[in-house]
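Participant: This is what each chain is made of:
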Amino acid sequence: MPPIPPTPLIVETLRDLVLPAAGGAALILGLFLTLGRWAGCLGSAAAVVAGFVWANFTLDTGGEAAGAIEWERTSRIIPWLPDKPTWHSLPRAALVLVLVGLASRGLGLIAHRALSDRWWWVERLLVWVPRWVALLVVGSWVMPVPWAEAYPWSKAALAATMLLSWVVLDGTARGGAGSQVALALAAMFFAAGGVTIFAHSKLFMDAAVVLGAAFFGIAVIARVGRVDASGAIPAGVAFLPALLVNARYQSESLVPLSAFWLVGLAPLALLPGLIPRVGRLHPLILGAGRMILVLIPLFIAVELAMANEQLPPPEEW
Amino acid sequence: MRSLFAVSLAVLFGVSASAAEEKFALTGDNTKVTFTGTKKGGKHEGGFKKLTGTASLDGDPATLKIEADIETDSLYSDTEKLTAHLKNPDFFGVKDNPKATFKTTKVEKSDKGYTITGDLTLLGKTKPVTFPAAVEVKGDTLTITSEFKINRFDWGMTFGKGMVDDAVAIKLSVTAKK
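So the sequence lines, in the order shown, correspond to chains A and B.
Read in my numbering, the first sequence has 290 at position 290, and its numbers run on one by one without any break.
Read in my numbering, the second sequence has 41 at position 41, and its numbers run on one by one without any break.
Pulled out of the complex, with its shape left as it was, chain A reads as follows:
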């Protein structure tokens, strides 16, 4: 077992990261749900953005960042405006995907109402073509430049990974498991936090914990309100693989590549639930099965990280 982090660090993480992200996301989704269950998708999109924004502001990193509130000082983990490092583009990429996700879903709904059933494929095209285009653009923002130059296929591969994850997560959430998808995403981000801290990167761990907490807050409210919460999924689709790719690129550690892949591809573990025959299983069995399938690769990934690398000394956390 790795040593337990110092108590002040745990308290600080809960106060500055987990509570603002989970609380902020839950509060916003709850407010949207006062309008009715129809607002769940839009509310979950707003909730994940609010949770991230709030925690990205409240993490007190000290120094100049702790000064008066000015635009540049309101981003503590990841800057709002991307600079040279590709990981600075993570929030922008997530925001673009969230907006494209909402807009394309709106297009799909309009097409669904305007066209007869035999034109169902037009509806699907209107939903997924804009998303695929957006993913190709976003994939080029967040792939580290030296890797993109060394492996020309890497941007498309990252975009394809994001698309597959989006298809699986969206399909599962719209199939009535919205809160469970949010909970699964929370687990994936917390596992990403575990892998990245073993790879000696607290910065990426903080970013992962913020997203994990925000999805946890959404999962709780979505469960209570029984809404699909699929509007938040694109933020997870953008952040999860891109954060892990950048953490792997930036860090020097003995954590094996497979640990990063296992977490990054964990959304695909929900794929069996989309098979019609499996989808007809009792909801309790289906739900438990989905979570087990997601948790297995996450446990293996964290175990691999722990087996191959040590945490930074406690006093340096």
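The set of hints was computed from the structure by calculation and includes no laboratory data.
Accuracy of the hints is not assured; some may be wrong.
Said to hold, decoys possible - Distance condition first, Cα-Cα at most 27 angstroms in a straight line; then the derived DSSO-like pairs of lysine-lysine: (1) B/K50 / B/K32; (2) B/K49 / B/K23; (3) A/K84 / B/K50; (4) B/K125 / A/K84.
Said to hold, decoys possible - Pulled a few chain A residues facing chain B out of the computed Cβ check, cut under 7 angstroms: (5) P85; (6) H200; (7) S201; (8) K202; (9) L203; (10) Q250; (11) S251; (12) E252.
Here the structure is a predicted model, which is why all the values come from computation and not from measurement.
The C-beta atom is built at its ideal place from N, Cα and C for all residues, glycine as well.
Following the hints, complete the assembly by docking chain B onto the known chain A.
Facilitator: Structure of chain B alone, referenced to chain A:
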């Protein structure tokens, strides 16, 4: 005729002035930049193995000009794990910031030697620093020694707030030959 004489004088003085300026190449071998980070009950030491640059002066140390590029990936420390951690974005982010630079802006005589002021760029952020230094030119050798502290938070190096001290001690030692 008079203007020709003036031009000749200007050229002559110009040539002699530039001839008087001595240039010293700075390398990782003749220039040691080391640091000590402290925390409760302990400390870690490290430094940079590779740098390039020049130091120039015209005999008077107050005219000293230094320009140096430090290769951040050449960072080393007393612990292998710490070296890996120092290279990632929690500290120096060497992939995004392969160079740290220093350029003097002012050198003044002080009671105990000289006071050097310059711009230090770390993590892509440039901040002025001022530190005391002993500067001496003997024969064809320039020596500069200095010890001072910087606040790592000024450059956005915020990891370990409250656990790793904000101030980092820097030691500079130059022994460069013409």
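Participant: Would you mind marking each hint as holding or not holding in the structure?
Facilitator: Outcome of the hint check:
1. B/K50 / B/K32: Cα-Cα ~9 angstroms, so holds.
2. B/K49 / B/K23: Given that 27 angstroms is the threshold and the Cα spacing comes to 22 angstroms, the pair holds.
3. A/K84 / B/K50: Since the Cα atoms of A/K84 and B/K50 sit roughly 23 angstroms apart, the hinted pair holds (cutoff 27 angstroms).
4. B/K125 / A/K84: The hint holds at about 12 angstroms.
5. P85: 4 angstroms, holds
6. H200: 4 angstroms, holds
7. S201: 5 angstroms, holds
8. K202: 5 angstroms, holds
9. L203: Check passed: Cβ of A/L203 comes within 5 angstroms of chain B, closer than 7 angstroms.
10. Q250: 5 angstroms, holds
11. S251: 5 angstroms, holds
12. E252: 4 angstroms, holds
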